[in-house]
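**Q** Quick note, the sequences are listed as chains A and B, same order. For the first sequence, full-length UniProt numbering assigns the number 1 to the initial residue and increments by one for each residue that follows. For the second sequence, full-length UniProt numbering assigns the number 1 to the initial residue and increments by one for each residue that follows.
There's no promise every hint is true.
Pair ranges (Cβ atoms, derived) [to be verified]:
#, chain 1, residue 1, chain 2, residue 2, range
1, A, Ile506, B, Asn503, 43 to 49 Å
2, A, Lys78, B, Arg505, 34 to 40 Å
3, B, Asp156, A, Lys393, 38 to 44 Å
Calculated pairs, BS3-like style, for lysine-lysine (alpha carbon to alpha carbon, straight line, at most 25 Å) [stated by the list, open to error]:
#, chain 1, residue 1, chain 2, residue 2
4, B, Lys376, A, Lys326
5, A, Lys500, B, Lys528
6, A, Lys351, B, Lys229
7, A, Lys152, B, Lys289
8, B, Lys523, A, Lys125
9, A, Lys132, B, Lys483
10, B, Lys523, A, Lys289
11, B, Lys125, A, Lys228
12, A, Lys125, B, Lys526
13, B, Lys526, A, Lys14
14, B, Lys351, A, Lys351
15, B, Lys326, A, Lys14
16, A, Lys125, A, Lys228
17, B, Lys20, A, Lys523
18, B, Lys326, A, Lys351
19, B, Lys161, A, Lys228
20, A, Lys20, B, Lys400
21, B, Lys351, A, Lys523
22, B, Lys161, A, Lys400
23, A, Lys152, B, Lys400
24, A, Lys14, B, Lys228
25, B, Lys528, A, Lys152
Selected chain A positions facing chain B (Cβ under 8 Å, derived; list incomplete) [claimed, not checked]:
#, residue
26, His8
27, Glu15
28, Pro107
29, Gly142
30, Asp144
31, Ile220
32, Asp223
33, Lys228
34, His253
35, Arg361
36, Cys406
37, Met407
38, Tyr413
39, Arg416
40, Met516
In short, the hints are calculated from the structure, not lab data. Where is the CB? At the ideal position from N, CA and C, for every residue including glycine.
Protein chains: 2
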Amino acid sequence: MDFEIPNHYSLLQKERLQYKPEIPDSLLFDKPTKIEFGEETSAAGDIEQIQKQFPKSFGRKVAHIVEAEKFETQRPFKVGVVFSGGPAPGGHNVIVGVFHFFKKLNPESKIIGFLDGLGGVINNKNREIVEKDIQLSFNQGGFDLLGTSREKISTDEDFEKSYETLKSHELDGLVVIGGDDAIFIAIPKTIDGDIRSKYLEMTAGFDTVCKVYSEFIGNIMRDALSAKKYYHFIRVMGRSSSHIALECSLKTHPNYVLIGEDIEKQKLRFVELIEQLTKFVIDRFNAGKSYGVIIIPEGLIQHIHTFRGLISKIDEIYEKNPKQDKWTYEEILQKLKDDEVSAKLFSEIPKPIAQTLMTDRDPFGHVRVSKIETGKLLKWSIRDKLSHEESQKNITNTSKKFVFECMTHYFGYEGRCSLPSNFDATYCYALGITAARLILHEQTGMMAVVNNLSDETKNWKALGLPLTDLLHMKENSEKPELKIFGVDVNGAPFKELQTKLENWRIVDHYRCSGPMQFGGDSKDWKPKVLLLDKNKK
Amino acid sequence: MDFEIPNHYSLLQKERLQYKPEIPDSLLFDKPTKIEFGEETSAAGDIEQIQKQFPKSFGRKVAHIVEAEKFETQRPFKVGVVFSGGPAPGGHNVIVGVFHFFKKLNPESKIIGFLDGLGGVINNKNREIVEKDIQLSFNQGGFDLLGTSREKISTDEDFEKSYETLKSHELDGLVVIGGDDAIFIAIPKTIDGDIRSKYLEMTAGFDTVCKVYSEFIGNIMRDALSAKKYYHFIRVMGRSSSHIALECSLKTHPNYVLIGEDIEKQKLRFVELIEQLTKFVIDRFNAGKSYGVIIIPEGLIQHIHTFRGLISKIDEIYEKNPKQDKWTYEEILQKLKDDEVSAKLFSEIPKPIAQTLMTDRDPFGHVRVSKIETGKLLKWSIRDKLSHEESQKNITNTSKKFVFECMTHYFGYEGRCSLPSNFDATYCYALGITAARLILHEQTGMMAVVNNLSDETKNWKALGLPLTDLLHMKENSEKPELKIFGVDVNGAPFKELQTKLENWRIVDHYRCSGPMQFGGDSKDWKPKVLLLDKNKK
């Protein structure tokens with residue numbers, strides 16, 4: 001380094017600054033590339049509507065990045081970068097990839113960073129990214145080089161102002177790490193791992209977050225096994241999909257996992273779920289165990305048939321009565337009268353949860369699913385069920401007193417800004433170089449994609465995927481959005497979990513994957529779901 | 001290995017099985033040792049009473065383990081080991097140390113493990129520990145080889161039964177990992193780091209736990225800096241002392257830390273604390289920041305003058321009225337009437353906290369301090385304070401809207417069973433060998449101690465410290481207990497923190513120490529408090 005590293009950097013942060021992610025052969029800086037167009041694309045859903053919304057860009061072909069004789073141009077480029085949405089490990093490496101590519105193409109190139117999310121584009125809040133920023137951000141966690149926010153470019157005015165910004169800088173392109181608008185090159189960034197297509201195998205950040213959560217889960221498992229007195233209900237991030245819960249389960253071997261998509265497919269009612277869990281607790285007790293570990297996805301309850309019904313009923317009550325923002329428990333119960341199932345469920349769930357359903361609403365008036373303490377909901381409901389006589393008659397182990405003590409945990413913000421794993425550091429760096437090459441080749445409205453990820457890094461392939469291919473229409477809305485893909489209950493990873501779970505239910509096979517390592521045998525682990533998906537093919 | 005490693009072991013677990021902790025020169029297996037008695041010891045407090053309770057063992061001399069010409073005996077030994085209390089990283093290595101020492105002394109030696117804590121000794125639940133157990137437990141987290149519990153040998157019957165157990169096995173000694181009774185060799189195991197003496201520098205497990213929590217804290221800090229919209233109030237384990245909060249703060253550089261012992265020394269009242277925190281939030285906002293990170297020790301509120309008064313008042317109400325176990329809020333308020341400060345505080349704290357004070361009581365009828373959600377208590381109280389006009393007039397930054405959004409976190413069970421750090425693995429292995437040698441040299445009622453820890457491992461020194469030296473009388477009781485040492489507010493580590501905190505308050509110096517590494521530059525880090533304490537000397 002030609003300058004001092006700030007002394008608040010930890011030893012490990014400094015060490016990671018030195019890590020040089022391998023670059024896939026096809027993306028090596030000195031290799032000229034060109035675009036080779038492949039298959040025509042479509043949309044992820046609501047094809048006709050998406051086509052209508054995007055008459056010009058719909059159906060474009062996949063843009064494979066392939067070797068060429070020479071660079072079409074080596075002129076200086078001026079390119080913008082911006083973070084959008086929640087942080088994901090590896091985000092900084094995307095910027096490093098863009099920077100390294102263009103500076104090596106032509107040292108006169110400039111990279112402009114927009115600050116604090118897309119608002120920075122709208123309001124032209126920016127600063128030029130210089131060599132020092134890059135050297136100090138390489139392989140580091142967080143989105144703090146530029147900051148981020150959930151702001152969107154949504155109104156016509158936003159669009160105009162953003163366009164003005166881009167024009168005023170005479171930008172050749174804009175790379176949005178996490179965006180889904182069609183005016184730039186997007187990066188498939190989400191820890192939830194739920195943006196997919198046949199071209200897009202994995203989102204950036206997912207690997208690291210699962211490794212961090214699995215460390216915690218493994219530690220708690222070992223605690224459960226040491227003290228033998230608690231159930232641990234562990235909720236992990238993943239608002240609409242259960243990919244994180246699935247990956248963490250494959251890594252750590254819990255006794256039970258609730259995969260939302262599976263529960264949804266089975267049309268499981270809440271009471272049935274509680275019955276199953278109660279049986280699980282009793283079965284373990286009959287085998288002599290008063291402890292256990294269950295993994296729960298953040299957004300579980302919206303996958304439960306009856307619960308989703310209740311939530312939408314309550315949402316409806318609020319929507320129909322926009323002026324009344326405070327309701328009493330009794331008023332809601334009264335309003336639910338015409339829907340027997342919802343009314344019964346509402347009256348049966350623990351009061352604090354009912355309270356959350358009534359009071360914790362997002363700016364659109366909807367229940368904030370993430371705020372519902374699902375772990376506690378399950379714990380209280382199981383405890384209640386266990387107190388019934390019919391449950392108790394299933395307890396056949398009389399050698400000790402039956403107890404059900406349960407601790408709940410929630411892992412969210414503890415993982416999103418971790419130092420990226422070697423895999424995410426490498427993957428994100430490659431995504432940055434891909435984004436840069438797409439701009440070089442004058443592509444826009446594309447998602448930068450790197451695939452063949454289960455193979456060695458040198459064989460990874462890069463392409464641009466027209467964003468329209470990933471869109472569908474938002475439910476009850478005129479707006480398109482990236483389609484979220486939940487866990488495929490017919491896919492190899494879920495099948496693998498199902499087979500294993502039978503063995504893990506009573507006999508413990510807890511696995512402690514331990515803290516993520518940057519050296520040693522485990523340093524280059526890839527996500528299990530990625531490898532299992534691959535094997536299937 | 002001469003057998004297969006169970007396939008639920010992760011790659012990292014397997015790798016750690018191969019780690020060979022360095023052994024201090026004086027403890028090398030082939031080196032004969034003897035005891036050299038040093039200074040007479042005393043007690044950690046209530047000296048007269050301790051002397052009365054332990055007329056024979058009080059005042060014994062420190063037993064330094066020093067080189068000798070030859071082993072006094074190389075006969076086979078039969079020794080018991082048992083875990084007691086909460087798990088701490090490195091516990092298994094103590095057993096490995098005991099096992100390796102005696103098996104190398106004489107392969108006919110036997111190590112008997114008692115199951116699930118001291119109850120296993122009382123009820124003679126045991127199994128012999130064999131080579132395979134040892135090979136599969138080396139450098140692994142948790143206490144699961146034998147299990148643990150909080151059971152104590154407390155009644156006369158317990159003592160008799162325990163004695164019977166030891167006699168029936170003809171044990172030469174019993175090593176208790178975490179105990180404080182005087183019939184055996186104890187190991188200074190507590191993640192809280194609060195058992196100290198001039199001979200005992202550090203407890204086992206503290207280093208690892210602080211590294212694990214610091215990983216999480218660093219990740220959250222990076223998130224705070226990326227999203228710039230939340231305060232994070234992070235509560236870390238440490239029931240009676242703030243050592244963990246101190247060490248984690250020195251590692252991660254938060255904007256604010258509440259060290260219980262300092263607050264206690266200042267006799268800070270709850271309202272004053274909230275005033276200081278509110279000022280801190282406003283000062284940061286005036287500097288343009290609506291985010292920040294505060295570290296809070298688990299047991300904070302018992303260090304707050306007025307709060308401790310309130311708690312003991314409530315405890316008193318319950319004690320004086322043993323038959324009434326349910327009280328209404330109003331009844332408690334009425335009962336508090338004669339103590340104006342407590343009554344006012346009780347009426348001012350948020351209702352859910354008041355509820356916890358009233359309902360969550362331990363088997364002795366006392367408030368469970370650990371159950372009080374201190375983070376939420378502070379958050380609600382600050383929010384309330386901020387809504388007052390007098391607070392608002394201090395807001396001088398008019399460039400944006402003032403907001404105070406706050407997330408609370410609690411790190412407890414996520415760390416206690418981690419894979420031990422290199423330091424804890426090495427330290428605990430040495431403690432095991434020390435315990436074994438104390439038994440060889442016919443010592444009992446001793447704490448195994450290894451010190452000089454800030455020096456290179458080869459120079460570490462081992463000794464036996466008469467347990468009485470660490471005891472004082474339990475408050476309002478006839479029973480002795482290990483004295484808990486809080487953070488020394490005149491000590492070098494706290495002074496260092498105080499100096500640094502001034503710089504961290506407004507300008508962020510967040511440090512991400514990252515996941516604990518077993519390779520690379522950071523693999524052999526020692527606790528900062530240990531090194532700072534050393535420098536002072």
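**Q** Against each hint, give a clear statement of whether it holds in the structure.
**A** For each hint, the structure was consulted:
Hint check: isoleucine 506 (chain A) to asparagine 503 (chain B), Cβ distance near 54 Å, so the stated range 43 to 49 Å is violated. Range check, lysine 78 (chain A) to arginine 505 (chain B): about 39 Å between beta-carbon atoms, so the 34 to 40 Å window is met. At about 40 Å, the CB distance of aspartate 156 (chain B) to lysine 393 (chain A) agrees with the hint of 38 to 44 Å. Of the supplied pair hints, the one linking lysine 376 (chain B) and lysine 326 (chain A) holds, its CA atoms being roughly 23 Å apart against a limit of 25 Å.
Restraint check for lysine 500 (chain A) and lysine 528 (chain B): not satisfied, since their Cα atoms lie roughly 43 Å apart, outside the 25 Å limit. Proximity of lysine 351 (chain A) to lysine 229 (chain B) is assessed by CA-CA distance (about 30 Å); at most 25 Å being required, the pair is judged violated. With a CA separation close to 22 Å, the supplied pair lysine 152 (chain A) and lysine 289 (chain B) stays within the 25 Å bound. For the suggested pair lysine 523 (chain B) and lysine 125 (chain A), the alpha carbons sit about 41 Å apart, so the restraint of at most 25 Å is broken.
Between lysine 132 (chain A) and lysine 483 (chain B) the alpha-carbon distance is near 51 Å, which puts this suggested pair outside the 25 Å criterion. Between lysine 523 (chain B) and lysine 289 (chain A) the alpha-carbon distance is near 37 Å, which puts this suggested pair outside the 25 Å criterion. As the CA atoms of lysine 125 (chain B) and lysine 228 (chain A) are separated by approximately 15 Å, the hinted pair is consistent with the 25 Å bound. Taken as a hint, the lysine 125 (chain A) and lysine 526 (chain B) pair is broken in the structure, with Cα atoms around 43 Å apart against an allowance of 25 Å.
A threshold of 25 Å between alpha carbons decides the hint, and for lysine 526 (chain B) with lysine 14 (chain A) the separation of about 18 Å falls inside it, so the pair holds. For the hint linking lysine 351 (chain B) to lysine 351 (chain A), the alpha-carbon distance of about 16 Å falls within 25 Å, and the restraint holds. About 56 Å separates the Cα atoms of lysine 326 (chain B) and lysine 14 (chain A), which puts this hinted pair outside 25 Å; it is violated. Between lysine 125 (chain A) and lysine 228 (chain A) the alpha-carbon distance is near 55 Å, which puts this suggested pair outside the 25 Å criterion.
A threshold of 25 Å between alpha carbons decides the hint, and for lysine 20 (chain B) with lysine 523 (chain A) the separation of about 20 Å falls inside it, so the pair holds. For a cut-off of 25 Å, the pair hint linking lysine 326 (chain B) to lysine 351 (chain A) stands: about 19 Å separates their Cα positions. Using a Cα cut-off of 25 Å, the hinted pair lysine 161 (chain B) and lysine 228 (chain A) holds, with the two alpha carbons roughly 23 Å apart. Distance hint between lysine 20 (chain A) and lysine 400 (chain B) is unfulfilled; the C-alpha atoms sit about 41 Å from each other, more than 25 Å.
A distance of roughly 48 Å separates the Cα atoms of lysine 351 (chain B) and lysine 523 (chain A); the hinted pair therefore is violated under the 25 Å criterion. With a C-alpha separation of about 21 Å, the suggested pairing of lysine 161 (chain B) with lysine 400 (chain A) holds against the 25 Å cut-off. For the given pair, lysine 152 (chain A) sits about 19 Å from lysine 400 (chain B) by alpha-carbon distance, which is consistent with the 25 Å threshold. A C-alpha spacing of about 24 Å is found between lysine 14 (chain A) and lysine 228 (chain B), which places the hinted pair at or below 25 Å, so the restraint holds.
Proximity of lysine 528 (chain B) to lysine 152 (chain A) is assessed by CA-CA distance (about 44 Å); at most 25 Å being required, the pair is judged violated. Because the closest C-beta pair between histidine 8 (chain A) and chain B is about 4 Å apart, less than 8 Å, the hint holds. For glutamate 15 (chain A), the suggested interface contact is upheld, since its CB lies about 5 Å from the closest CB of chain B, less than 8 Å. Given the 8 Å rule on beta carbons, the hint for proline 107 (chain A) is violated: about 30 Å separates it from the nearest Cβ of chain B.
The beta carbon of glycine 142 (chain A) comes within 3 Å of a beta carbon in chain B, closer than 8 Å, and the hint placing it at the interface holds. Contact between aspartate 144 (chain A) and chain B, as hinted, is supported at the beta carbon level, the nearest pair being about 4 Å apart and thus within 8 Å. Among the interface hints, the one on isoleucine 220 (chain A) holds; its C-beta lies about 6 Å from the nearest C-beta in chain B, closer than the 8 Å criterion. Evaluation of the aspartate 223 (chain A) hint against chain B yields a held restraint, the C-beta minimum of about 4 Å falling below 8 Å.
Hint on lysine 228 (chain A) holds. Least Cβ distance to chain B is approximately 6 Å, under the 8 Å limit. Among the interface hints, the one on histidine 253 (chain A) holds; its C-beta lies about 6 Å from the nearest C-beta in chain B, closer than the 8 Å criterion. Using the Cβ-Cβ criterion of 8 Å, the hint placing arginine 361 (chain A) at the interface with chain B is not satisfied: the shortest such distance is roughly 16 Å. Checking cysteine 406 (chain A) against chain B by beta carbon gives a least distance of about 12 Å; that is not within 8 Å, so the hint is violated.
About 7 Å separates the beta-carbon of methionine 407 (chain A) from the nearest beta-carbon of chain B, less than 8 Å, and the hint is met. Hint on tyrosine 413 (chain A) holds. Least Cβ distance to chain B is approximately 5 Å, under the 8 Å limit. Evaluation of the arginine 416 (chain A) hint against chain B yields a held restraint, the C-beta minimum of about 6 Å falling below 8 Å. Hint status for methionine 516 (chain A) relative to chain B: holds, with the closest Cβ pair at about 4 Å, below 8 Å.
Checked against the numbered hints given earlier, the structure breaks hints 1, 5, 6, 8, 9, 10, 12, 15, 16, 20, 21, 25, 28, 35 and 36 and satisfies all the rest.
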